[in-house]
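*Asks:* Each chain, letter by letter, is given below.
There are 2 protein chains.
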Amino acid sequence: MSRKVSGPEIERVVQLLARLPGLGPRSARKAALTLLKRRNELLLPLSEALATAAEKVVACSVCGNLDTVSPCSLCQDPRRDRSLIVVVEEIGDLWALERAGVVGGLYHVLGGHLSPLDGVGPDQLNIAGLIERARTDEVTEILLALNATVEGQSTAHYLTEQLAGADVVVSRLAQGVPIGGELDYLDEGTLAAAIKSRRRL
Amino acid sequence: MSRKVSGPEIERVVQLLARLPGLGPRSARKAALTLLKRRNELLLPLSEALATAAEKVVACSVCGNLDTVSPCSLCQDPRRDRSLIVVVEEIGDLWALERAGVVGGLYHVLGGHLSPLDGVGPDQLNIAGLIERARTDEVTEILLALNATVEGQSTAHYLTEQLAGADVVVSRLAQGVPIGGELDYLDEGTLAAAIKSRRRL
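Residue numbers (our numbering), protein chains in the order written: chain A, 1304 to 1504; chain B, 1304 to 1504.
If you're looking for bench data, these hints aren't it; they were derived computationally from the structure. Don't take each hint at face value.
Note: identical chains are not told apart, hence a pair may lie in one copy or across any two.
What the hints assert, rightly or not - Calculated pairs, BS3-like style, for lysine-lysine (alpha carbon to alpha carbon, straight line, at most 25 angstroms):
(1) K1499 <-> K1340
(2) K1359 <-> K1340
(3) K1333 <-> K1499
(4) K1499 <-> K1359
(5) K1333 <-> K1359
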């Protein structure tokens, strides 16, 4: 990457693409070439789609989701159960749950997990907003749908403490064998959780 | 991907990003989220860089390289040896050679390799332009820097035949053990080529 071989305009596209997750310098160059070779079908549409998104998409002031309106269309949806707030780390997690269509309630996006080593404390996450929402009368349950990682679980632990004062049930996702999972390939922690939380048939 | 959970503006960005090489639906969503979360540092600059590239970047009428001028800055560079034309399949190959800084001559980008099964014959590649350039007096050598794949080598074979009438030396890249290569991990074809083309010390 030391020699700039393709002019500043192309180089700029490559450099910006290389900052996306999943694209290194090499795949960013490949992506840039694909864009340049497909100017009308891909390059111009993507440029315009990004400009439109930059202009219209905003963070929801209530839950932190991204949408063109704030409060977002999920928060505004009258069919949703307003007594349940599902707390997720990232918007990608919210999207995953929505794709699965398994949440009837509202969401709250923390914007990450607690990670003192990376300088992420409670003030860097959208926790104050969650506490405030939990204190409203209509909310009766807070489901902590955080990642089953050390960071996710310690964040869940912290939130449970913070929510102790609010009159809500705090719950977490079930842990156990994933659908399609083969016992032989699962880690000991998962197997232990699956045994401990076994269900009577 | 069946349920659209994030509004048409975001969904459009995801869909376009998913058409780039190296990005599937999942990584395209991750990339879109990164863009949206970093609106000013990444989303807007990328949108503008793509628009600029779409407006300014053109294919070089001589060699097929992409640049903001045609003939491109490589073709116009007076320091380059105009007697040597290095033929590559794709612009990415040209970039790789330029990054290595190992070519003193000019380039010619074919735009792919012969692949009858995919409907890519001689007319789909920039071969006529190469023959024309080879016939000019100043060109004395055509170096076929094509991929060491079956398609690349059969394209090289075809070009060698086509260039027989022109008064030029046709050469190809050396084949052998790559720098840092361990014999134990190399295929038989490479080892055979390295033995056959061995050099006296």
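*Asks:* All hints are to be evaluated individually against the structure, with a verdict given for each.
*Replies:* Now for the hints, and whether the structure bears them out:
1. K1499 <-> K1340: neither (56 angstroms within a copy, 39 angstroms between copies)
2. K1359 <-> K1340: Classified as between; 13 angstroms across copies, 28 angstroms inside a copy.
3. K1333 <-> K1499: neither (49 angstroms within a copy, 34 angstroms between copies)
4. K1499 <-> K1359: neither (47 angstroms within a copy, 63 angstroms between copies)
5. K1333 <-> K1359: between (29 angstroms within a copy, 19 angstroms between copies)
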